[in-house]
Amino acid sequence: MIRLEDVYKIYQMGENEVRAIDGITLEIRENEMAAIIGQSGSGKSTCMNIIGCLDVPTQGKYFLNGQDVSLMNDDELADFRGKTLGFIFQQYNLIPKLSVLENVELPLIYQGIPEKERIELAVRALEKVGIADKKLNMPSQLSGGQQQRVSIARALVGNPSIILADEPTGALDSRTGREVLEFLQSLNEEGNTIILITHDMGVAEKAKRIIRISDGKIVEDSGHSVPEQIEVKSYERTGSIKGAAAAAFGREGTA
Amino acid sequence: MNFKQSFRLAIKSLKASKMRAFLTMLGIIIGVASVIILVSLMNGLSQDMTSRFESMGTNTITVNVMGRGTNRTLSVDEVEQLVEDNPKYLDQYSPKVSASVTAKYDVNSVDTSVIGVNEYYDDMQSVVVSEGRFIQYIDTLRRLKICVIGTYEATELFGGADPIGETIKLNGSTYTVVGVLEETADSEESSADDVIYVPYTAATRLANSASIGTYYLTAVDTDRIEETMTIIENMMYSVFDDEDAYRVTSMSEMIDTVNEMTASIAMVLVGIAGISLVVGGIGIMNIMLVSVTERTREIGIRKSLGAKKKDIMRQFLIEAATTSSAGGVIGIVLGIGAAYGAGAVMDMTVAPSWNAVAIAFSVSVAIGMIFGYFPANKAAKMNPIDALRYD
Ligand SMILES: Nc1ncnc2c1ncn2[C@@H]1O[C@H](COP(=O)(O)OP(=O)(O)OP(=O)(O)O)[C@@H](O)[C@H]1O
Ligand SMILES: [Mg+2]
Numbered sequence: 001m002i003r004l005e006d007v008y009k010i011y012q013m014g015e016n017e018v019r020a021i022d023g024i025t026l027e028i029r030e031n032e033m034a035a036i037i038g039q040s041g042s043g044k045s046t047c048m049n050i051i052g053c054l055d056v057p058t059q060g061k062y063f064l065n066g067q068d069v070s071l072m073n074d075d076e077l078a079d080f081r082g083k084t085l086g087f088i089f090q091q092y093n094l095i096p097k098l099s100v101l102e103n104v105e106l107p108l109i110y111q112g113i114p115e116k117e118r119i120e121l122a123v124r125a126l127e128k129v130g131i132a133d134k135k136l137n138m139p140s141q142l143s144g145g146q147q148q149r150v151s152i153a154r155a156l157v158g159n160p161s162i163i164l165a166d167e168p169t170g171a172l173d174s175r176t177g178r179e180v181l182e183f184l185q186s187l188n189e190e191g192n193t194i195i196l197i198t199h200d201m202g203v204a205e206k207a208k209r210i211i212r213i214s215d216g217k218i219v220e221d222s223g224h225s226v227p228e229q230i231e232v233k234s235y236e237r238t239g240s241i242k243g244a245a246a247a248a249f250g251r252e253g254t255a
Numbered sequence: 001m002n003f004k005q006s007f008r009l010a011i012k013s014l015k016a017s018k019m020r021a022f023l024t025m026l027g028i029i030i031g032v033a034s035v036i037i038l039v040s041l042m043n044g045l046s047q048d049m050t051s052r053f054e055s056m057g058t059n060t061i062t063v064n065v066m067g068r069g070t071n072r073t074l075s076v077d078e079v080e081q082l083v084e085d086n087p088k089y090l091d092q093y094s095p096k097v098s099a100s101v102t103a104k105y106d107v108n109s110v111d112t113s114v115i116g117v118n119e120y121y122d123d124m125q126s127v128v129v130s131e132g133r134f135i136q137y138i139d140t141l142r143r144l145k146i147c148v149i150g151t152y153e154a155t156e157l158f159g160g161a162d163p164i165g166e167t168i169k170l171n172g173s174t175y176t177v178v179g180v181l182e183e184t185a186d187s188e189e190s191s192a193d194d195v196i197y198v199p200y201t202a203a204t205r206l207a208n209s210a211s212i213g214t215y216y217l218t219a220v221d222t223d224r225i226e227e228t229m230t231i232i233e234n235m236m237y238s239v240f241d242d243e244d245a246y247r248v249t250s251m252s253e254m255i256d257t258v259n260e261m262t263a264s265i266a267m268v269l270v271g272i273a274g275i276s277l278v279v280g281g282i283g284i285m286n287i288m289l290v291s292v293t294e295r296t297r298e299i300g301i302r303k304s305l306g307a308k309k310k311d312i313m314r315q316f317l318i319e320a321a322t323t324s325s326a327g328g329v330i331g332i333v334l335g336i337g338a339a340y341g342a343g344a345v346m347d348m349t350v351a352p353s354w355n356a357v358a359i360a361f362s363v364s365v366a367i368g369m370i371f372g373y374f375p376a377n378k379a380a381k382m383n384p385i386d387a388l389r390y391d
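Chains as they are written, first to last, in the numbering used here: chain A, 1 to 255; chain B, 1 to 391.
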């Protein structure tokens, strides 16, 4: 589903170059819940931005659902971001002058979904994160935890198969952070692929797979948490029964 | 992103910063308002002039004899003959002899113009006498020194007294007042009320010229004015044998000329006012660039949620167009208001043209789109990750 092949992201800073990603090869399967960990500046966000089609690698290939992303134009990438990917940011990134409901509607607007259906889906997503009663509030009227829930609802509303979360608990207290994590876990159980960035080992342990990055390279990978599906044989090292079951049945639950 | 949503957003951001929105729109407001004011006043002016000419009769044809290079003149008998020969085309005629005079009564005196005419003139030019009578055939025949005065002269020379039967001095010769005209222009100086009519036979003496340079003729049918003019021209050519020695003009021709003139003056003025629209467009471009920078992060968020280039583009373009069309609407309202205000103060007819309003509105929308294009394109081209990182 997600496959990076020898990917580099190099920034040229005058004389010296910064290798934010320095040759990463990585595969993440459908319905995995993977945590990317590493020190500050190790290249986690850069990696996720490439996975999220927000950034393009300097070198190397990236296949998303079997398609070569490097060959896509801006609009095709935008389409991918809108339909396949859902983002949860550390800073929530809600648009301050739009109400909670309008913020959640945004991905659907760009997919051209008619207003009535859009509002219905947005309200349902807000209900799912337990914040539907605030739908007419402005983001500034919500607490940090509530805003993060809104941003999760926004990430979910278009029913994307992959959810990318860059330090989703970073700005939250530990109890709220735990709630958010549990929510992500339940989404994973429903069949979503989740990639989570954190530098907190406690948070990472909630994921079934842990990928450690240092200086733009993968230095440790706990391995696939779900078996390869259908055609390709199972060469993976680990795999939980639960994950596999979710992989097999989960998509129907959310579809 | 659909139009409605973009429009709602644009209205929202206009409302959020009213002062800024107003300043942004100011150039457009001034531009549109001045275009509307100018068009309304010029339109009013041309309507005024047209109706003034029309009141002189659109069927009036003027013949001027310049007599250049020839001593031949056109006599009243020749003109009368022409009218009699063409009863299907020509109805009436009157010589017109103009002279500047000083009119005196008692110790009062005014400088004014005397017009020497015949007994048809009042009918031809819809001149109405309110007291006494107009000039008659016998007056011209006997070269009687009688006159019909305008209300300006009546008030200036006689105050409240009845002028009929009194004598006044025109350049020293004594004339008897036989009639007073109806007031048509508030008895103001140099208006239609400031005039003295005398028999043309008497006027030639006041004008110090034996020959008559101008004749008025009325056509029977306004629709056949061209043919009528041709008949007159043919006769004139047979008399003078030189096209430059005379001129035949019709009121309707003059109305056309005046309309053309006011239209081209209006074009120039509107063009000048249009510069302010361009300045307004630059103002919009400026503020849109600021707004794009301010909202870089928002653009990044939208792109991360699947917004395509054209979605971002449309959002900013609609915002620019909304801003400038709001300015356009305000400008139109202010412009019409100011035009009526100015019209009242300057005592001018005001005629806002709905065409001009429609054009002003579409031009202001277009200005927003044109000048909003550059900032919108800048926003649309932003790299999502750079935009997201911006703060
Ligand atoms: N636009 C850029 N220009 C130059 N260097 C950059 C740019 N973006 C990132 N980098 C560099 O790339 C490296 C990786 O950055 P990245 O943001 O991926 O780190 P991170 O692992 O997410 O760190 P953190 O945990 O602090 O968020 C850093 O050294 C950073 O300075
Ligand atoms: Mg980071």
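Bear in mind the hints are in silico, worked out from the structure with no lab data behind them.
For each residue, glycine too, the CB sits at the ideal point set by N, CA and C.
Keep in mind that the hints are not guaranteed to be accurate.
Simulated pairs of lysine-lysine, DSS-like, Cα-Cα distance not exceeding 30 Å [said to hold, decoys possible]:
#1 LYS97(A) / LYS145(B)
#2 LYS135(A) / LYS4(B)
#3 LYS116(A) / LYS88(B)
Below, a sample of chain A positions facing chain B; criterion: calculated Cβ distance under 7 Å [said to hold, decoys possible]:
#4 ASN49
#5 GLU76
#6 THR84
#7 PHE87
#8 PRO107
Hints, one by one, checked against the model:
1. LYS97(A) / LYS145(B): Roughly 87 Å between the alpha carbons, so the hint for LYS97(A) and LYS145(B) is violated.
2. LYS135(A) / LYS4(B): holds (20 Å)
3. LYS116(A) / LYS88(B): violated (76 Å)
4. ASN49: holds (5 Å)
5. GLU76: At about 9 Å, which exceeds the 7 Å cut-off, the nearest Cβ of chain B leaves the hint on GLU76(A) violated.
6. THR84: This hint is violated: THR84(A) lies away from chain B, its Cβ roughly 9 Å from the closest one there, beyond 7 Å.
7. PHE87: Hint holds; PHE87(A) Cβ to chain B Cβ min 5 Å, cut 7 Å.
8. PRO107: Holds, about 4 Å.
In terms of the numbered hints stated before, the structure departs from hints 1, 3, 5 and 6, listed from lowest to highest.
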